[in-house]
Amino acid sequence: MDQLIKRMTQEPVWHKWVAANSTQAAKDGCISTTTKDGCISTTTKSGCIS
Amino acid sequence: MSTSAAHAPSAHAADRAPTAEELLGPTLHEEVVRHFSAEPDAPSAAVVRHRVRECLRYLYLVSRHPDRLGGLFLPVEQDIDEIWHYLILQTREYRELCEQRLPGGHFIHHRSISYGAYQEAPGRQTAAEEALRWIPLYTAEFGPFDADALPHWTIVRFLHDELHMSLTEISGLVDEAGTPDGPKAVPVRDHT
Numbered sequence: 014m015d016q017l018i019k020r021m022t023q024e025p026v027w028h029k030w031v032a033a034n035s036t037q038a039a040k041d042g043c044i045s046t047t048t049k050d051g052c053i054s055t056t057t058k059s060g061c062i063s
Numbered sequence: 081m082s083t084s085a086a087h088a089p090s091a092h093a094a095d096r097a098p099t100a101e102e103l104l105g106p107t108l109h110e111e112v113v114r115h116f117s118a119e120p121d122a123p124s125a126a127v128v129r130h131r132v133r134e135c136l137r138y139l140y141l142v143s144r145h146p147d148r149l150g151g152l153f154l155p156v157e158q159d160i161d162e163i164w165h166y167l168i169l170q171t172r173e174y175r176e177l178c179e180q181r182l183p184g185g186h187f188i189h190h191r192s193i194s195y196g197a198y199q200e201a202p203g204r205q206t207a208a209e210e211a212l213r214w215i216p217l218y219t220a221e222f223g224p225f226d227a228d229a230l231p232h233w234t235i236v237r238f239l240h241d242e243l244h245m246s247l248t249e250i251s252g253l254v255d256e257a258g259t260p261d262g263p264k265a266v267p268v269r270d271h272t
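In the order they appear, the protein sequences are chains A and B.
Heads up, the first sequence is in my numbering, so the first residue is 14 and it goes up one at a time.
Heads up, the second sequence is in my numbering, so the first residue is 81 and it goes up one at a time.
Source of the hints: derived by calculation from the structure; they are not laboratory data.
Computed from a predicted structure; not experimentally measured.
Hints may contain errors.
Sample of chain A residues at the chain B side, in silico, Cβ under 7 Å [said to hold, decoys possible]:
(1) 16
(2) 28
(3) 33
Quick list of simulated restraints, FRET-style, between CB atoms [claimed, not checked]:
(4) A:25 <-> B:114: 18 to 24 Å
(5) B:176 <-> A:27: 21 to 27 Å
(6) A:27 <-> B:171: 35 to 41 Å
(7) A:32 <-> B:226: 33 to 39 Å
(8) B:248 <-> A:24: 27 to 33 Å
(9) A:29 <-> B:169: 29 to 35 Å
(10) A:29 <-> B:226: 20 to 26 Å
(11) A:25 <-> B:176: 28 to 34 Å
(12) A:28 <-> B:124: 44 to 50 Å
(13) B:95 <-> A:24: 17 to 23 Å
(14) B:120 <-> A:19: 22 to 28 Å
(15) B:105 <-> A:24: 32 to 38 Å
(16) A:27 <-> B:193: 17 to 23 Å
(17) B:105 <-> A:27: 26 to 32 Å
Idealized CB from N, CA, C, for every residue including glycine.
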């Protein structure tokens, strides 16, 4: 494991690792592009909205 | 991510970790699969089921090992995070999942942070160790990574695609302490 950690922290490998995570992190906090789906309230299970 | 101290009886005692369907219940499980299968450009229902499975495995591990995994950067891909978001929005069911069905019995919080900001503070070595820390804990709980899990775990995919490690080699990585829980004291960080 120690050897693998050393390998991962080498400059070119580390940049690829950060990029691999940044691709997904960049989407954090984005709004959904899908259509609105039906929500239900926390107090009752009836009254859905489509 | 932060965690509470309250613990429910551990599902781990049953020898095997529960499946995603067992954790969510059949109704919510199918609802989640249906929701993500209906999205534009959705993969097959089989792939969606694997995503749901890996999302629940991620939550299971965080619940079971809050001391080692709490606050670490999300180790799974964005598609899995979207499923987590969906579950969080079903607030009643999500609380029940966290507090009654997952082994730690504590609410699992969510927070967004970029990896660039996350890895700045601890430095590369610690951030790399944190990313690798998931692997032995996963294999101890669920067995070796398979081809269906590979695309969804960022570190596994990275080791496979960039460092050309086989799934057998990846799954063979062992905790430095030699046990899934390990005696090393690892500070919990503030972010997921």
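For each hint, the structure was consulted:
1. At a threshold of 7 Å, the smallest CB-CB gap from residue 16 of chain A to chain B is about 11 Å, leaving the interface hint violated.
2. Restraint check, residue 28 of chain A versus chain B: the minimum CB separation of about 11 Å is more than 7 Å; hint violated.
3. Contact between residue 33 of chain A and chain B, as hinted, is supported at the beta carbon level, the nearest pair being about 5 Å apart and thus within 7 Å.
4. Taken as a hint, the range 18 to 24 Å is violated for the pair residue 25 of chain A and residue 114 of chain B, whose Cβ atoms sit roughly 43 Å apart.
5. Separation of residue 176 of chain B from residue 27 of chain A is about 40 Å and departs from the stated range, judged on CB atoms against 21 to 27 Å.
6. Range check, residue 27 of chain A to residue 171 of chain B: about 38 Å between beta-carbon atoms, so the 35 to 41 Å window is met.
7. Checked against the hint of 33 to 39 Å, the C-beta distance between residue 32 of chain A and residue 226 of chain B comes to roughly 26 Å, which is inconsistent with it.
8. Between residue 248 of chain B and residue 24 of chain A the beta carbon distance is about 28 Å. The supplied range of 27 to 33 Å therefore holds.
9. A hinted range of 29 to 35 Å holds for the C-beta pair residue 29 of chain A and residue 169 of chain B, which are about 33 Å apart.
10. Here the CB-CB span from residue 29 of chain A to residue 226 of chain B is close to 24 Å, well matched to the stated 20 to 26 Å.
11. Remark: the range hint 28 to 34 Å for residue 25 of chain A to residue 176 of chain B is contradicted by a beta-carbon distance near 46 Å.
12. Between residue 28 of chain A and residue 124 of chain B, the C-beta spacing of about 33 Å breaks the proposed range 44 to 50 Å.
13. A C-beta distance of roughly 45 Å is found between residue 95 of chain B and residue 24 of chain A, which places it outside the suggested range of 17 to 23 Å.
14. Taken as a hint, the range 22 to 28 Å is violated for the pair residue 120 of chain B and residue 19 of chain A, whose Cβ atoms sit roughly 42 Å apart.
15. Separation of residue 105 of chain B from residue 24 of chain A is about 48 Å and departs from the stated range, judged on CB atoms against 32 to 38 Å.
16. Our hint of 17 to 23 Å for residue 27 of chain A and residue 193 of chain B holds, since their Cβ atoms are close to 18 Å apart.
17. Here the CB-CB span from residue 105 of chain B to residue 27 of chain A is close to 42 Å, at odds with the stated 26 to 32 Å.
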